[in-house]
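Student: The hints should help you fit chain H onto chain B, whose structure is shown.
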Amino acid sequence: MAAVPEEKGEGPRRPARLKKLGVLVNPVAGMGGRVGLKGSDGAEILRQARQLGAVPHSPGRAIQALQAISRIKDQIELTTYPHEMGEDEVRACGLVPHVIGSITKGATTAEDTRRAVRQMEQQGIDLLLFAGGDGTARDIYHAVGQRVPALGIPAGVKIHSAVYAVTPRHAGEVAARFLEGKLNVHVAEVMDIDEDAFRRGTVSATLLGYLQSPKDRRFVQSVKSGGIQGEREAQLGIAADVIDQMNSAWLYLVGPGTTTRAIMEQLELPATLLGVDVVRDKRLVASDVNESELKQLVADRSTKIVLSVIGGQGYILGRGNQQLSPAVLTKVGTENLIVVASKEKLVSLAGRPLLVDTGDEQLDQTLSGYLKVTTGFREYVMVKVGSE
Amino acid sequence: MGRDPSTLLRKYHQAKWDEPIIFEMSVPGERGILVRRAEHEVQDEVGDGVSAIPASLRRTNPSRLPEINQVRVLRHFLHLSQETMGTDVTIDISQGTCTMKYSPKVQEHIATRHPGMAEIHPLQPDSSLQGLLEVIYKLDHFLREISGLDRFTFQPGGGAQGVYTGASIIRAYHAARGDTKRSEVITTMFSHPCDSAAPATAGFKIITLMPDNMGYPEVNALKAALSDRTAAIFVTNPEDTGIYNPKIDQYVQAAHDVGALCYYDQANANGMLGIARAKEAGFDLCHFNLHKTFSVPHQCMGGSVGAVGCRKELAGFLPVPRVEFDGQQYYFEHEASESIGKVRSFFGNPQSLLKSYAWIMQLGADGLREAAECSVLNNNYLEKKLKEIPGVSVRYSADKRKLEQNRYSWEKLYQDTGVGTEDVMRRMADYGLQHYWMSHHPWVVPEPFTLEPCESYSRDDLDEYVAVLRQISKEAYENPELVRSAPHNQVVHKVPEPSIDQPERIAVTWRQYLKKKAKAQDVLPG
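Chains as they are written, first to last, in numbering that gives the first Met the number 0: chain B, 0 to 387; chain H, 0 to 525.
Extracted from the complex, chain B is given alone in its bound form (with noise of 0.2 Å):
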């Protein structure tokens, strides 16, 4: 075997260009967690968390991430927001930013975030690295969407994002090894929950959407080439099986994500990424249903329900679909959901279970177990469903 040459002549290779990242730091960020306030959305909350004592906590998270970027500073080039939101913490660990844009010290507010980030894109940041919660990556997807690739410090109380690294210093390495062009991207959900609701006693989380970020190398060898192949080749196969085995009198909600758009591309009909849409016969019948509609499509119908894995988190039920309601769901019957996802997806879960949150205890009950996940073309995997 013989490799081609990639490029004929021996002349000296063009440096590089410097990669751009954007650093920012949310500084509020987890200041409610420590003093059992569950969060820290919104001005009175953060009033209540300084009163009880709350002190910053992301800004020491962010310097544990940026320490571990250090080893490419001259790969890069730095972009950040001032004083609190990044500066500080960039020259902590040694390092020279470029800063932009201005803030009142001591005040900041999610408006800066998302004002932050929208004057980075501009600048042509290649990544953006920031530290805070699921607040603060609500806020970034949104002021720029999927247009910039980003990737989380985990500062904040609420941690459901999947565009979080594991800890600071993991999240500085990931960072790193991205803008060394040694990882892929891969669309990761952005979450969060009613942080009222949450200190009410109940978890009621959204799926907002999704952000671009580096895919963590944990389960993976690191691939060069660009795009993202492998989660997408095992879409592509998982799309056709479900196809294959569409039984055309029979009705399909096909529940939100990734995985999920991927058949309805197949059968190329519009999909709603963060909603439900009814499939029969290969042929849309509705689009982005809520529970009520649904409860009158599913009423007189054999109807099967296309499920997509929360990644992180492992949710099937309860995060992101909540327009499948228990009544929806008992009236469809268990027997018919089919749980879709890549094998990656489900070993990234390390031995946890799925999760299923419907309201209805005793229906969850029904629920867990086995279930048989479609992971491919003819290919599936046991995986036990539970709830937290």
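Worth flagging that the hints you see were computed from the coordinates, not collected in a lab.
All clues stand as given, with none of them false.
Think about it this way: if two alpha-carbon atoms lie no more than 25 Å apart in a straight line, the pair counts; the simulated DSS-like pairs of lysine-lysine are:
hint	chain 1	residue 1	chain 2	residue 2
1	H	Lys204	B	Lys383
2	H	Lys204	B	Lys371
3	B	Lys18	B	Lys72
4	B	Lys181	H	Lys473
5	H	Lys180	B	Lys371
6	H	Lys204	B	Lys303
7	H	Lys386	H	Lys473
8	B	Lys330	B	Lys371
9	H	Lys473	B	Lys72
10	B	Lys72	H	Lys411
11	H	Lys493	B	Lys18
12	H	Lys180	H	Lys311
13	H	Lys222	H	Lys204
14	H	Lys411	H	Lys384
Tutor: Relative to the frame of chain B, chain H by itself:
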């Protein structure tokens, strides 16, 4: 100068010859051998030696082979051999699951030079192949004894083809009973990927079981997956993790309870020889890779054999031809009404059968068991030493003894230093060791590496291997960049990221090389 006796580390550097491809060395008209014109007597008998060949088979233009003299050919291949890191050059503990044991060279001599092997042809009459047929017949009986099963075939040219043969036998068995519903095969995450790929190729749907916290496939998941659609389970034990599953009989029983068959992938049976058998665990079929457990070299897919065995109820479905003995003569039996047919031309790779036969005869029954015991002992010694190295861990059942192989993790090293398993792997070559095998995909165990110290490695070999990994761990903590930028003492310093993803850059023939090179130059600016 040699290996440092205090550190066990070598000052090693790979030879670099910058060797061209042999086609590029061609000089028109240069010859290795100048063939003399034949004597008149010969010419009178056979003519010019070419015109006797039918015209339709005769070349009109000479083939474009490299034109090159003998000494340059010799030098070329010796240069290439110095740029390899193969199993006979290094302490090849690295290729876990591959069982890279020493293959005694005397076997090579017998199999490739003995006229009884080197000068025979598969189309000879059986009566003139008695020696080889006797070897095949007796090897079948040896493997029956080792596995407890009733009959073997040696046709499959590798482990995966063996599994495919097994899946085809299972399909034929259910079909013969008129049981047409059985479309599913169940396997496990830590079984070899061919245990899903080969049955899938044979037309089955594949259901995979995940490992539990101990690393065993979940028995309740198996029970949930089993049904009257299950054709068979295909499993290994121990799996890639080296952990022996003591409840394997429960898995087999559960499968049998629903009418499914049980296939035991024993490609690597190095920890089991003479100790435990497929039959007593309840399995219906198994296969051994003669190129692993039975000392045959791997030979780049050339001389491998996946020897598939089964119970007598399934023996009718085995491939043909089969070697039989009538008390006087050995002969090939080609007719068998239920047989799945042929899976490879003629009778597979007979030179590998002879090597395995020779290996078993040299060791005897006691020797086989001793080989298994040594490989298990070596593995557990290695695990104890490796667990003392900062950054190394064992993900599953760390406190349990393993059989012949073990999957380790550099996860802690990666978290502490940012140096991952691929970095360590590249650095090993700087100390004269072959890079290690990480894991099948998906990894399951983060930052994995899989080692298998077979019986043929000495304690000194193991200690040197451990010393290298300890040194690299130390380097990762003190100077991670040194490890990240490795290898430094190799022919190629900058290792390109997997070119397996860039088929346009891989050429396996000269013609392909020229074509792809021309295309690359078309696209890239000069």
